[in-house]
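Engineer: The hints should help you fit chains B and C onto chain A, whose structure is shown.
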Amino acid sequence: MDPRKEQLIGIVGGENVLDDHLTLEAYAKDHSFVLPIKPWFVVKPKSMTEVQGLVEWANETSTPLVPVSSGPPHFHGDTVPSVPGAVIVELFLMNHILNIDRRNKMVVVEPGVTYGQLERELAKEGLRVTMPLLPRGNKSVVASLLERQPTTVPRYNYSLTEPLRDCGVVWGNGEITYTGEAGNLSYSLEEQWRAGEMQVDPKGPAQTDFFRLLTGAQGSMGIVVWASIKCELLPSIRKLFFIPAEKLEDLIDLSYQIQRLRLGDEVLLVNNSQLVNMLGKNDDRIRALKEGVPSWVLIIGIAGRALFPVEKVDVQEKDIGDLAQQFGLKLQSEIPGITDNEMLEVILNPSDEPYWKLKYKGACQDIFFLTTLDKIPQYLKTMYSVANAFEYPASEIGVYIQPQHHGVEHHCEFNLPFDPKDAKETAKVKEIYSKASQEVIGQGAYFARPYGIWANMVFNRDAQSTIALKKIKRVFDPNNVMNPGKLCF
Amino acid sequence: MALSRDVYREFEDIVGRENISDDPAFLDSYAFEWLAELVRPNQSHFMPRPVAVIMPASTEEVQAIIRVCNKYKIKAKPISTGWYHWAAPLKEDEDTIQIDLRRMNRILEIDEKNMYAVVEPYVICAQLQAEVMKLGLNLNIIGAGSSTSIVASACAYAGPGPSSFWMGNNSDNLLGMEWVTPTGEIIRTGSMGSGSGWFCGEGPGPSVRGICRGMLGSRGAMGVYTKCAIKLSDWPGPPELDVKGTVPAYRLPIPDNFRVYTIAVPNWDAWADISYMLYDNEIGYIFHRQFNLAGADLGPALWLTYNDHTKTLGDIEELVEKPEIQELTEEMRISFQFIMAGRSIRDIELQDKILDQILAETGGWKVGRFCEQDMAEFTNMYLQRMGHKHLNFVWAGGYLGSWMQSGTPDWVKDYVPIAIEGLRRDAASGQLVQCGGDALMGCGSQIGGGGMTGLEQFVSYDPADSDSIAAGTQHMVDAVEDAVSNGFPPGKEQLYLQVGQKDEEIWASLEKSAQPTIYHFQRKIKEAFDPNNIGDRMYSILPADKS
Amino acid sequence: MALEDYRADALRCTRCSYCKWIPLDLVKSWRFSKGCPSIEYSSFHSYSAGGRLVTALSLMEGRSKVTDQVIDSVFKCQLCGNCDVTCKLCRYDMEPLAAMHELRFKLVEDGYVLPQHKLVMEGFRKLDNMLNKPRAQRGDWADGLQVKDLSNTKAEVVFHAGCRYSYDSDLGQVAKTSIEILQNVGVDVGIMGKNESCCGGRAYHMGYGPHYRKAAEHNIEAWIGAGVKTVITPCADCYHTFKRLYPGAGSQIEVLHMVEFVSRLIEEGKLKFSKSIPMRVTYHDPCHLGRQGEPYVAWEGKEKKIFGQAVVYDPPRPRYNGAQGIYEPPRNVLRSIPGLELVEMERIKEAGWCCGAGGGVREAYPEFSAWTAGERIEEAKSTAADAIVSACPWCERNFIDATKQNDTKMKVFDVMELVQQAI
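Protein chains in written order, with our numbering: chain A, 1 to 489; chain B, 1001 to 1547; chain C, 2001 to 2423.
Please keep in mind that the hints were generated in silico from the structure rather than gathered at the bench.
There may be inaccurate statements among the hints.
Said to hold, decoys possible - Ranges of calculated distance between the beta carbons of each label pair, as one might list FRET restraints: (1) B:Ser1509 with A:Arg102: 46 to 56 Å; (2) B:Val1484 with A:Leu35: 53 to 63 Å; (3) A:Asp20 with B:Ser1509: 51 to 61 Å; (4) A:Glu439 with C:Lys2404: 56 to 66 Å.
Note that CB positions come from ideal geometry on N, CA and C, so glycine has one too.
Here chain A stands alone, though its shape is the one from the complex:
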């Protein structure tokens, strides 16, 4: 037996070291355009101790590790090895919900916990966690938050990293610390809970926001083995409204005001293609929806929770209605083909199978970045212009705009569906992806999550941050075993 395999078995157990062809093939690539590279092994640790063992081993043997906590399909290339000889650290077995605290509205989870799983358990305690839009059922909550995937309730975004709070992390050098207030206390979470410490504050410890070094890191700093997450109360009443418009520009001022006044729970802006793809269960349905759906829709969910929930919804509905009226817009409970309940069902839950972005054509390339809302029309124009230049129908492009951080940042996402079996179309989308990314970045789009080809584009523009990040990397992962080749590492 390969001595490395023996060593790995010694750490995680024989049944948790995989090197069969099929498994390795599955991890060699994803839905992105990154070059496939096969890993050597896939290992499945079950505990922090085993994870630490793996990282220490990786340092001793100079073996790259690629942490993965979500199930497939993957889309950004961050879970595909960038160098040969890597070991995939698959964290699915670490799928325990360690603690739910209703009073403090906190939950502590391991990285293998998915949104579906978490929602079910939190609901029993009258809680939920703010979700991204239609995550995969097997999407790791921790991974999503670490990658700063936008969540749909901007009102709770006091920081772009919310609702992520503290983490337990095995750093790339094999040392373990806890981030946030958990780092001020013993390594036993149970002891912390007994003492009344609920891992609420993400800051620190000391003078470093260690958790911020993990966010957006694509697993290149360390492996998070648990995370505490801020929850919301489960609403007892919900309503949802559509505010349609012909042009995105018509919704911008209203959206700004909604954010400023912290109205609504779920607030997002989508174009008709996006809406159709979110709701479409099959081709017929998709075709039917496309007929009547307005060009643009601002979707706003209103929730009532705790005391006087009905009145809370009522007041918000009236306040939003007044606001919409000021901009010549109207709240509607339905739009052609789509009811409020149906929309709620969609945006409050993970995607069903197959993953919604793949339903239409089988594949989808995303381009997403952060911006301010006022600049999005310009990026839209650019996107359409590039698509047209390559004869890709602009009407196929799904656009999703997610206000973040109380409306200061906006996640702007373009989804380009394509048939992966059609080589020409695939090549076309690949070109569009590259060209459009370059153009919008030149116009000021901020790729805060620089996956794949974006990494060079971003880091070539920001020399000082690149130098700083490399210094930071050398502190926490001096031997560069953690997902080398990602970002600027």
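Structural biologist: What follows is chains B and C alone, placed relative to chain A:
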């Protein structure tokens, strides 16, 4: 050691002759710091003198200064509005140049639509608030008040304030920042580094700002922050504050869509319960236990006296004996200030209804006298602008904050009786102001949306009285012991004490921390970013030989 | 008092820096938030009240010596008192303005004097005025007026013109108008004319304590000799000196500023305006009439502690915090003038920005003085006012010079000049 003339001239060439000085009296004005007397030898009010004070006007000048510091291994200590003794040089045997950022005082940009402002270090909260209120916006003003630098609180220190419950902690409100590192590089964090503007402080990839500040910032020990973008919030009030009243008791009329209350609860369990219910129901614009800084026994008398400009502090002696004041004192023994702002009249009416229900369920009540127009308008003025924060020093000139450990309301309430008993015990000798033991003040929530609080004892001592100073110092030592012996981590007082400790003492306590690896990581970060060690020990590390 | 008496103040200063700003509640903009001209101009902390307290402490403890920079930091200050107001917003135990005065007294006593001040004081000694003008010309402003000469007769009221009104020919009309008004309503008023002596106030502010004292004693004696019960003056500097300093030298004479008197006349219906002045004006509160124009309260007492360490005074020490300054009377007067529209600057009343002339600054630091005035003119311009109006000749002169230097169209008036135009 004095700067050689050659080195002085190198600095002078950067800023011009009129913007640098090594006059001893001038240097003393930077060495003199509040709290120094508690920790310095012989109760000296002076921290070590800088070798010079220099005032740059631009980021480029700051960069040039830092490069000269690297060249000659001179420590660089930036100061803006300056609060706490650690703003000064720390060691007698370290040559430190004090970089006074006073001339960097511009508001560079206010983006109303996208709700952020970009400021230089000497822009104080009051200035920015006045400007953004004209646009219907507001900012979180930290607990130390509106005379403080926004850059300092967001980048280099802490960041919570009475409005953090609604507007967030300034750590979360920090968007991009411009950082002159200890080696003189200029890093613009977040979107600014990519040339995309100031609006995002995270990324690209992992956030570099993660090494700039954590629970606390570097307190001047890791280069200089020369700009930052700060997130703003909505202000549903008038564009200009229509201040009424006679100095010092300015008052701010309360618009129809606001409510201003002082709320009391019967016990500390109820205080925790009410906090949780307010968090759950998401009502409240400002939430703070502010007025108790004067001490629960004396507070009501002080505030009523303060609001009468014909009265002086001595009038309180008689006032506290009056039956109606004693009644009021008991009524508001465990109380806090709570301001709600509605985006509409229907919204504020609903918030009022929710609050009343919360009070009914927790046994709380609105303190009648403090909800009357005069005191409510005073409360409104005080908390909206936070312009009276040198009231921290009202009793005797000196105040030190002890305790202030942060955690959930349930956790914090558990240390309250220990903190109260500790102050009562330490003030019994009469060398500290005797305000009853409970002078605990703090944010309803230090972070946006609720969840975390912390209460700070306001311990008042006379910095002109040697015995009183000694009592203050002893209280800090006692407070550490009280906390640790009861299973709590040391509080704010440990930070104060550390300024007077030797390196070895500090390292010993860091070694005893639950996860000393943190401080080894910080050492490595410092080695990477400050190889010439021009930042002082306010950035905490453990040396390699302690690992 | 001695500098040592302010050691406790220095030790109790907490470097909160409120002394650099106007009361923060009153801040309406970034531009006009600043309260202290000295630190705005010179930037080092030593140029603030808090910084000067440290200077005092540093000198007292022998940690430093008086250098040119120290002298500059001590004297480059108008002693406008804004710092005092803001400090006392929350402090009952601090007297930063008084401490800064004491620091000047000490420096002057020890021979650290500015050559420009030395020159002025030589004139003061020889000529009894602050402008180095011939004594004989002092009463020329009253030429043509039939008014009692109190050097050889008696009256209930002495009208004290002051050095600036006596010698500044651009401004002298104010004094004349004042006499006319007083006489018209039957006040038994006289003047000292060419025998009028400087109040000594500016000497006090420059740190020449004994010179001031001599002037005070001389004037008080002269007034008592003339049977005077009340002194009325149109000069805020003199007003402050008589009201707040002279009682310490034994004066029991009532003190009024002309604007107070005129305001009273208007309220009693004894003065009516027949002409309209269609103009938009803004009023500048002179430091010595406004925040430093509060009533004098005699006090002798000591510090005591209550509640363990809370610092109070026995008997209670008067609290000069700007609350009772003379703010409304000049405004009443202006509002009563037909056609006049009064608009307010951002920094008014106790928070008013200094005109720049006080504290010996105009004499010793003309650029700084002009800059300070220029800042105030900018603030006036921000109200879209046609004119800035004050009630002090030193303010008026400084503003006139600033408008000329900055080439602005802003007009400068004294309240009494507008009163005269409107009668």
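Engineer: For every hint, state whether the structure bears it out.
Structural biologist: Results for each hint:
no.: 1; hint: B:Ser1509 with A:Arg102: 46 to 56 Å; in the structure: 36 Å, violated
no.: 2; hint: B:Val1484 with A:Leu35: 53 to 63 Å; in the structure: 56 Å, holds
no.: 3; hint: A:Asp20 with B:Ser1509: 51 to 61 Å; in the structure: 53 Å, holds
no.: 4; hint: A:Glu439 with C:Lys2404: 56 to 66 Å; in the structure: 57 Å, holds
Violated hint for the displayed structure: number 1, the only one.
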